[in-house]
Amino acid sequence: MNTHLLKQNIAFVIFRILSLIVVGILFWILGFIIYQGAGVISWEFLTGAPANGMTSGGIFPAIVGTLCLIAGSSIIAFPVGILSAIYTSEYAGNGNIVKFIRVMTNNLAGIPSIVFGLFGMSLFVNTLGFGDSIIAGSLTLGLLALPLVIRTTEEALKAIPDSFRTGSLALGATRLQTVHRVTLPMAFPNIITGLILSIGRISGETAPILFTVAAYFLPQLPHSIYDQVMALPYHLYVIAVSGTDLEATRPMAYGTALVLIVIVLVINVSASYLRKKLQKRHA
Amino acid sequence: MKRIIEKVIESLLTISGATTGIVILLIVVFLFREGVGFFSHSDIESGYVLCVNGKNPVDRLTPEQIKRIFDYEIDNWSLAGGNDEAIEPFRMNDLSDYYSDEELGENYEFVPEKLGEIIGGTPGIIAFIPEQYVPGKSEEVKVLSGNKLKPADFFGGENWMPTATPAPQFGLLPLLTGTLWVGLCAILIALPLGLGVAIYLGELANEKIRNLLKPTIELLAGIPSVVYGFFGLVVLVPFIQKAFNLPVGETAFAGSLVLAIMALPTIITVAEDAIRNTPQTMREASLGLGANHWQTIYRVVIPYSISGISAAVVLGIGRAIGETMAVLMVTGNAAVIPRSLFEPVRTIPATIAAELGEAPHGGAHYSALFVLGCILFLITVIISISAELISKKQHQAQ
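Chains A and B, in that order, give the protein sequences.
Just so you know, we're using the numbering used here here: the first sequence kicks off at 7 and counts up by one.
Just so you know, we're using the numbering used here here: the second sequence kicks off at 13 and counts up by one.
Just so you know, not all the hints are guaranteed correct.
With a cut-off of at most 27 Å between alpha-carbon atoms, the simulated BS3-like pairs for lysine-lysine come out as follows [unchecked claim]:
| no. | chain 1 | residue 1 | chain 2 | residue 2 |
| --- | --- | --- | --- | --- |
| 1 | B | Lys79 | A | Lys164 |
| 2 | B | Lys19 | B | Lys79 |
| 3 | A | Lys164 | B | Lys162 |
| 4 | A | Lys13 | A | Lys164 |
| 5 | A | Lys105 | B | Lys404 |
| 6 | A | Lys164 | B | Lys405 |
| 7 | B | Lys404 | A | Lys286 |
| 8 | B | Lys220 | A | Lys105 |
| 9 | B | Lys226 | A | Lys282 |
| 10 | B | Lys220 | A | Lys286 |
| 11 | A | Lys164 | A | Lys286 |
| 12 | B | Lys226 | A | Lys283 |
| 13 | A | Lys282 | B | Lys19 |
| 14 | A | Lys13 | B | Lys405 |
| 15 | B | Lys404 | B | Lys226 |
Rough simulated footprint, nothing fancy, chain A against chain B, three-plus residues with beta-carbon under 8 Å [stated by the list, open to error]:
| no. | segment |
| --- | --- |
| 16 | 14-22 |
| 17 | 38-44 |
| 18 | 118-129 |
| 19 | 139-145 |
| 20 | 250-259 |
| 21 | 304-312 |
| 22 | 385-397 |
If you're looking for bench data, these hints aren't it; they were derived computationally from the structure.
Since the structure is predicted, the reported quantities are computational estimates derived from the model, not experimental observations.
Heads up, the beta-carbon is just placed ideally off N, CA and C, and yes, glycines get one too.
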């Protein structure tokens with residue numbers, strides 16, 4: 007009996023250590039980037055353009071570019087994704103069509119981002135002739151975010167008990183009225199959270215924008231949706247691996263990584279904060 | 013009026029429902045359309061031909077043979093299916109060894125004629141020349157019929173040198189093995205770690221710790237891949253180089269480590285879900301029979317949730333195989349078949365990301381990268397579907 011207890015204790019200690027290791031890895035990465043990058047962050051760094059072969063100056067054009075891409079891809083992914091989720095969870099029932107759509111959505115979610123990049127380049131940049139532009143990049147990123155938006159919205163809708171729907175229908179409301187007046191408002195907090203999380207995903211993606219929008223160096227800001235832009239993740243990649251003087255660009259890279267991480271963290275944290283707050287209000 | 017609006021909105025919903033299917037269809041169409049073009053390209057650089065002496069019996073050479081001839085590795089025609097004759101590779105810039113600029117003419121108008129003389133006069137020659145300078149029809153000069161790129165050479169080729177002249181080498185094997193090595197090693201590292209955390213989260217941790225640990229893991233999943241790559245580049249790569257005393261730190265092992273960290277959140281979340289889905293009654297039955305908590309976990313809970321755990325592993329592999337930026341930054345990108353974990357490798361996604369910008373649009377190299385994209389697409393679709401089938405099995409078991 008004692009050996010069993012000993013085994014159990016050993017196993018549980020190992021699991022605790024493993025969990026600590028995983029948390030440790032996260033804090034190691036975050037801590038390292040913050041420690042190295044904090045000294046670089048300044049007003050000039052956030053509002054200036056890169057200068058002297060990326061060894062000084064700032065990352066303002068890249069921040070603006072990333073914001074443009076976030077906005078563009080949200081405009082594309084949110085309406086389509088939400089409508090698609092409403093269709094599958096509220097209209098289509100539980101037949102083969104829904105199963106098929108779900109398989110497709112899962113597959114789309116599993117496709118590597120570089121394949122989206124290839125596809126975006128082939129369709130939007132070359133075939134439709136948008137060239138390397140914000141619109142081509144936004145469309146590519148929007149499609150990438152689509153499965154995420156659909157899944158989270160669907161889950162939010164599914165969490166609404168059926169009694170609310172039947173109650174509304176019994177009062178004489180149509181299906182659409184039920185969705186519009188009952189299900190959507192109730193699922194709103196979780197839908198918003200899902201949307202914000204998908205923004206977080208979009209803002210860090212590099213591979214899809216490599217060949218659809220990202221510019222190596224472009225100090226001026228974009229004027230139209232047919233312009234190229236710099237983007238934070240691509241900028242980090244470029245100055246991390248391909249500078250002429252890697253030692254001199256390192257501080258810039260740490261700073262860029264820190265800004266990128268802060269953006270992603272802020273997005274993630276605000277999503278969960280918003281979910282809690284909105285849920286309280288509805289409860 | 014209301015009816016009509018309602019109908020319009022409902023049809024809009026239906027259309028949106030079909031979007032993901034349409035997107036997948038479009039991806040398939042465009043990837044394969046560009047990729048299929050690959051096999052209609054000639055196997056030597058476009059705009060050029062290979063000429064041999066008219067008496068040479070050789071009619072065809074494989075891309076591999078052409079490369080080795082011009083690398084002086086094959087130096088006798090008998091090794092390439094011809095007579096016992098030394099091979100003399102000839103390129104356009106060798107022309108000045110034979111003739112002065114005046115003899116070639118002001119606008120190189122005499123080049124074809126002179127080339128004809130050289131090729132006709134050298135029995136062992138193989139000349140790599142632009143199409144426009146091919147000597148006119150004569151008995152002395154034979155143009156080797158260019159082959160189309162063959163699927164067998166692509167899928168079985170051991171060299172990936174897309175910009176080599178005269179014959180670019182498009183061999184999938186180094187990239188495929190690189191991808192699989194890095195991906196599988198990443199899973200071997202991530203699996204024990206991820207499973208341990210999943211068991212801890214699902215069975216041992218109290219509510220308070222769970223509420224701390226879950227968001228932490230979500231954050232880990234939220235960090236952009238390029239940041240992981242950067243971290244790997246500045247921390248792990250120098251560390252690996254020092255620790256194992258290697259010439260370079262950018263190795264398959266560095267890639268596996270970074271990918272393992274990146275695959276962790278996927279593995280933990282899916283495996284924990286499976287573990288928590290084990291019915292409480294089964295746990296209670298096991299405990300009631302006198303088994304302790306650990307015995308219950310590894311005799312009841314894990315066997316019960318094994319298909320969910322396998323789905324986690326499969327999804328983790330999918331994530332690792334498709335990952336681009338982090339791998340691109342830390343694996344050194346040498347397109348050779350890896351012999352150990354501590355050598356630079358190059359994966360399929362990294363190849364696409366690194367080379368697509370330089371590949372001329374519409375050329376063989378460009379379409380070769382789309383073929384790589386198709387392969388990646390197929391691998392991930394197979395992975396998604398098998399993960400789905402595996403987890404379906406669990407639902408049926410319930």
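Status of each hint after checking the structure:
no., hint, result
1, B:Lys79 to A:Lys164, "60 Å, violated"
2, B:Lys19 to B:Lys79, "64 Å, violated"
3, A:Lys164 to B:Lys162, "50 Å, violated"
4, A:Lys13 to A:Lys164, "42 Å, violated"
5, A:Lys105 to B:Lys404, "12 Å, holds"
6, A:Lys164 to B:Lys405, "23 Å, holds"
7, B:Lys404 to A:Lys286, "35 Å, violated"
8, B:Lys220 to A:Lys105, "37 Å, violated"
9, B:Lys226 to A:Lys282, "15 Å, holds"
10, B:Lys220 to A:Lys286, "20 Å, holds"
11, A:Lys164 to A:Lys286, "19 Å, holds"
12, B:Lys226 to A:Lys283, "19 Å, holds"
13, A:Lys282 to B:Lys19, "36 Å, violated"
14, A:Lys13 to B:Lys405, "31 Å, violated"
15, B:Lys404 to B:Lys226, "25 Å, holds"
16, 14-22, "holds (count 3)"
17, 38-44, "holds (count 4)"
18, 118-129, "violated (count 0)"
19, 139-145, "violated (count 0)"
20, 250-259, "violated (count 0)"
21, 304-312, "holds (count 6)"
22, 385-397, "holds (count 8)"
Comparing the model with each numbered hint stated earlier shows that hints 1, 2, 3, 4, 7, 8, 13, 14, 18, 19 and 20 do not hold.
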